[in-house]
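Visitor: Listed here are the chains, written in short residue letters.
Number of protein chains: 4
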Amino acid sequence: MSKIRVGVNGYGVIGKRVADAVALQPDMELVGIADVVTDWRIQSAAGRFPLFASTDEAREAMGRAGLSVAGGLEDLLGQVDVIADTTPKHVAAVNLPRYREAGVKVILQGGEAHETTGHSFVAQANFDSALGRDMTRVVSCNTTSIVRVLGALQDAGLLAKARGVLIRRATDPWESHLGGIMNTMVPEPKIPSHQGPDAQTVLPGLDLVTIAAKGAHTQTHNHYWTLQLTRAASREEVLAALRAAPRIAFIRMADGLVALNSTIELMKDLGRPRGDMWEVAVWEDLVTVQGDEAFLTYQVYNEAIVVPETIDAIRALTETAPNAAASMKITDSTLGMRKDFLTENVPALPGDHP
Amino acid sequence: MSKIRVGVNGYGVIGKRVADAVALQPDMELVGIADVVTDWRIQSAAGRFPLFASTDEAREAMGRAGLSVAGGLEDLLGQVDVIADTTPKHVAAVNLPRYREAGVKVILQGGEAHETTGHSFVAQANFDSALGRDMTRVVSCNTTSIVRVLGALQDAGLLAKARGVLIRRATDPWESHLGGIMNTMVPEPKIPSHQGPDAQTVLPGLDLVTIAAKGAHTQTHNHYWTLQLTRAASREEVLAALRAAPRIAFIRMADGLVALNSTIELMKDLGRPRGDMWEVAVWEDLVTVQGDEAFLTYQVYNEAIVVPETIDAIRALTETAPNAAASMKITDSTLGMRKDFLTENVPALPGDHP
Amino acid sequence: MSKIRVGVNGYGVIGKRVADAVALQPDMELVGIADVVTDWRIQSAAGRFPLFASTDEAREAMGRAGLSVAGGLEDLLGQVDVIADTTPKHVAAVNLPRYREAGVKVILQGGEAHETTGHSFVAQANFDSALGRDMTRVVSCNTTSIVRVLGALQDAGLLAKARGVLIRRATDPWESHLGGIMNTMVPEPKIPSHQGPDAQTVLPGLDLVTIAAKGAHTQTHNHYWTLQLTRAASREEVLAALRAAPRIAFIRMADGLVALNSTIELMKDLGRPRGDMWEVAVWEDLVTVQGDEAFLTYQVYNEAIVVPETIDAIRALTETAPNAAASMKITDSTLGMRKDFLTENVPALPGDHP
Amino acid sequence: MSKIRVGVNGYGVIGKRVADAVALQPDMELVGIADVVTDWRIQSAAGRFPLFASTDEAREAMGRAGLSVAGGLEDLLGQVDVIADTTPKHVAAVNLPRYREAGVKVILQGGEAHETTGHSFVAQANFDSALGRDMTRVVSCNTTSIVRVLGALQDAGLLAKARGVLIRRATDPWESHLGGIMNTMVPEPKIPSHQGPDAQTVLPGLDLVTIAAKGAHTQTHNHYWTLQLTRAASREEVLAALRAAPRIAFIRMADGLVALNSTIELMKDLGRPRGDMWEVAVWEDLVTVQGDEAFLTYQVYNEAIVVPETIDAIRALTETAPNAAASMKITDSTLGMRKDFLTENVPALPGDHP
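Residue numbers (the numbering used here), protein chains in the order written: chain A, 4 to 357; chain B, 4 to 357; chain C, 4 to 357; chain D, 4 to 357.
Among the clues, some could well be false.
Chain copies aren't distinguished; within one or between two, either way the pair holds.
[To be verified] Cut-off 25 Å, straight-line C-alpha distance, at most; resulting in silico cross-link-like pairs (SDA-like, lysine to any residue):
1) K193 <-> A64
2) K92 <-> D78
3) K193 <-> E239
4) K342 <-> R67
5) K92 <-> D137
6) K164 <-> D210
7) K193 <-> A247
8) K164 <-> K193
9) K164 <-> A236
10) K332 <-> R8
11) K332 <-> S5
12) K92 <-> V40
13) K164 <-> L289
These are computed hints drawn from the structure, not numbers from a lab.
Pulled out of the complex, with its shape left as it was, chain A reads as follows (with noise of 0.2 Å):
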């Protein structure tokens, strides 16, 4: 069977990921990458990926810079079936026209409306009505554990209502010289803030209220919630619906995680690449019940937790897996996906010998 060839559009925080994590797949090809830059950003890519330029004045700009171009946006449109547009916020709509005219299909990014693609996407909580469709929108890091979160309890019949806040962070690293923010706390403006609108996109029922605001670090969201349940329940239960789920890993404070840079450091013991973390990490033993009301808190690294989702998605629209199981299957295979950090077996790492 011939691989699915895809191209990235935008080597970014997500783009550089997401190429990664297709270039990981056995059923998929990655064409190449596309962007506007011509700096240290795309020079250490230059060498690993076929790179193309997004614009014309790009195009003009990294021959001037050195850097060996494989062509135009529409020269990479040309040789993909799958197009996953990573560029910053608002550039994927006006980016659209090209890809529906190159007749590839599209995936976007939370950054985007819903109603740009009209689909937005979870793996775990509506594969099945993206198979086959043009386009999707993977939603945003903050939604994607939300629906993970709260789809687990909701598919457990225990969520009745949930009131959560979020404290998001700054800015990512790379870029945390420019526009962070310094010993303070930044509220959003608004109540309800966007997140939990962005989350009935994937979970239409879901009662759900959102408040967030900016924290001084760089690296990870850190949610807090508070669950309304359908009936007073165990911890037990709650605690066994979370693990039920895909794509959600326990963490725990007596195992001294302590704190967001622990689990940060957590991920660069294990090897992965970036110090990245796919998976929502809950923490177990914060996880409290009160007669028919939950507490619990977790851990989204922002940088990471789309890329599988955005790997589902292509096959999703390509129709090349039957159903959300049998695409995260492979995804949290190859990507090596766990569902707790410490009792596992540890895989080897890269540079282990057997």
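Chains B, C and D: place on chain A using the hints.
Guide: Relative to the frame of chain A, chains B, C and D by itself:
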């Protein structure tokens, strides 16, 4: 009428502010301050207030450091009606027998347990029950803010249940070169956090759960609340209840006060000593009501908020004010406390000449 | 004698401090302040100073915002002898023709080029050459500190060559929710940095090279110097030269002032408005001399250090003080400037009653 | 030829990297790691390397924690030729007698005093003098970088005198929830700082003074140097000397690598384990020469830079490489060390398939 003679033991973040506030009260006399340190923290106060040594060792060290010492703690206790203990957490409990033996009234701070004094104090909530007592405990900055805000809604008959997320500052600015957190958040290792039960020592009936974490900033706590109301209410009703309560001041995103640091700068612009904010600053335009639920966010200047409460507690124990309103009127007027930082006439600053 | 009538255009970090300082001078009258913003930054000042609009658009916007406006910039210029322009970088150069047309004396700040005024000012270095001029430029916070400290050693005949590393604060606290840096350092993209040549506009003969970078903190710059002396000297000679110069104050690690935040807290403890430090704080016990080399470190409160210089520049341009010493005596006394923050008698705070 | 059997005692920031690096060497065998902790830090390694307990108490605790323990430290020592002690500061000195008794070669880290081993090690500077010794000390991250860079210029006959300002990261990321600094800088309480004399243990003749401070960031040190050359030289001569020396790599502002975080992100983009940078990254376009003076700035990845030195020290003590060049060739090749991060062909990442 003779003035209430007050001593302050522990000239730290809270103690130095209490000392300044006592010195401003027309009905109080600051007899002196006591501490154990000998460095800049106490040197800068040495010319302003009579200085006592809290321990024999401290007395010797102060002498060696060239500080002029008026006596030991017992000397201070012999000259006062009330001692405000603002020593670090758990030190006050050890000091208590010395205070009791000296026969002085005692005010402890929120680092001590409720049981140590048997009474916990927030002026607007339970001044009366402290009248004539031998001792009380002014609750912590977080708890004080909770009692003020939730108490206001409870008094208005609007509050059924409160679920809050408290993002605390990591450390105070003066000690931020020691023991701070960097580029991370640190969730409390237990849900619910202790602030809920602590608020219940003042508002016994309140259905209240809090989740807490430390954020990577040094100034002011930031609380996010989901409130179950007793009935569907209008936003204006909720605002009116908050507006009617003392020591809550509104701020607005619409005025450009969009982050913790904006408010902190405003306090300096208002000419406040040390840039203090004794009020809870509630974002008026973030107060949101949906049916029988309300959502709100406020900012707590943790270094200063308990100072007016401590002043009122002094009057309650000594029965020198008949009720909360009478005491708070003096306290709030001497400090220059406000209900809105921008719409009222701004008072002349100390340096202004008419 | 009639007072010098002063206007301040640009009520930001520097402007609001200059306004306060002008209001404190016995020989000056603050006629008003002008700005273009309408939010909390100007609302908090509106009750204190007559407010003018710097532009026509601003005047309309201020009216819509309910601010009481005394007139436009030209109205302000018509009533003053001197305008202090404390607008953001490069705005003053554009304003200059309006000032010249109005026939007022002009003081610009360090964001403008030396050539714009043809004269750069630091009171203790070159007050005389500014006497009676139409305009001058008060150099930047970094440069002012360099001129004070290195100028002191040059005046004492001790300084041959200076090589400095300047770690700047990344952004001011009030705007630290915008454009800050997080968990990084940002070296200036050029060595030498511009502060060396800038200091040479005031101290023309000085052999001086600076390297600069931004650090991940919001308050105060921190300079580290390697000084080639003209001859082998004793540590006491170097200290004596610094002690003799104005507007330099010693701090000591031995007093517990061990980090930037310690000194910042001390300023608040001393009751200073906004916690300002107008002096350069040199760590006395870090001044090290080895043969004919000296090493030292100091702290520059960038928000405040140029305020006294601006006050003195007003007197120089208007020839209302015969020399630097006469002007600085008034300025320093009204501000409460000191040579040592701990060993002198601490003056009574505004709130103290004798 | 049989492999060098190596043990690592202390599986922390340095130890875990040394373990990984040893495992990559074709001529070494990692027999095991030893530590005293039982939490996530060691759990994540437990499946990868044989685990030994450094103390009897630790052995019991590890058993209770369900960790599979291969033995005590003495058991490990009985199976190795060399022990790399990467325990926290001052612990190694206590461990030394146990190592000596076991008759194994010993490598300590820079937290220990030079006198403890009588030899301090930087591969390119003094590999030969370590050949066959019983023990050596790999100097600290700061000192290693100084020896590499200044040693390169000294070897080229260009360096007469060096004066440096070292801005250190405040704490390592994994422990940044404990003991960090916030919104401040902390100057070392002594000038000169200890790094100068420490570098002289490897480069005895060097005229060197350092001033140090902690900055408010968690990753990488940043050094700023003023260098007195032996003669007027061209910028190209200085660059050539740096280019010729091993383990120094150029980065450029012109490539967009403008801040510490840019370089840190680049290491992740290059697929390096944990995002490590073993080279000293010198900003090529900031190297400035004026007559007989040079100025430069570089970045030191403090968590990783001493790892290759430790590997080379193992070969020196065991005399399994005849000289520095032979050992460094193997080390640098296995780690993938580079002279320039962008202009060379980027090697394929572990996940790439040809």
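Visitor: Quick one: K92 to V40, C-alpha cut-off 25 Å, is that within a copy, between copies, both, or neither?
Guide: Within one copy only: 16 Å inside, 29 Å across.
Visitor: Taking 25 Å as the upper bound on the Cα-Cα distance, should K164 and A236 be classified as within, between, both, or neither?
Guide: This pair counts as both: shortest intra-copy Cα distance 14 Å, inter-copy 20 Å.
Visitor: With identical chains, the pair K164 and L289 could be close in the same copy or across copies; at 25 Å between alpha carbons, which is it: within, between, both, or neither?
Guide: Both ways: K164 and L289 sit 19 Å apart in one copy and 21 Å across, limit 25 Å.
Visitor: Within, between, both or neither: how does the pair K193, A64 come out at a Cα-Cα threshold of 25 Å?
Guide: between (41 Å within a copy, 24 Å between copies)
Visitor: With identical chains, the pair K164 and K193 could be close in the same copy or across copies; at 25 Å between alpha carbons, which is it: within, between, both, or neither?
Guide: The answer is both: 20 Å in one copy and 22 Å across copies each meet 25 Å.
Visitor: One pair to classify: K164 and D210, alpha carbons no more than 25 Å apart. Within, between, both, or neither?
Guide: Answer is both: 5 Å inside a copy and 18 Å across each meet the 25 Å cutoff.
Visitor: At 25 Å max between alpha carbons, let me know whether K193 reaches A247 within a copy, between copies, both or neither.
Guide: So K193 and A247 pass the 25 Å test across copies only (24 Å; inside, 34 Å).
Visitor: Pop the pair K332 and R8 into one bin, within, between, both or neither, using alpha-carbon distances up to 25 Å.
Guide: within (20 Å within a copy, 40 Å between copies)
Visitor: At most 25 Å between alpha carbons: which applies to K92 and D78, within, between, both or neither?
Guide: within (23 Å within a copy, 46 Å between copies)
Visitor: With 25 Å as the alpha-carbon cut-off, assign the pair K193 and E239 to within, between, both or neither.
Guide: between (35 Å within a copy, 17 Å between copies)
Visitor: Between copies, within a copy, both or neither: which fits K92 and D137 at Cα up to 25 Å?
Guide: Classified as within; 20 Å inside a copy, 51 Å across copies.
Visitor: How would you classify K332 and S5 at a CA-CA limit of 25 Å: within, between, both, or neither?
Guide: within (20 Å within a copy, 42 Å between copies)
Violated hints for the displayed structure: none, as all numbered hints are satisfied.
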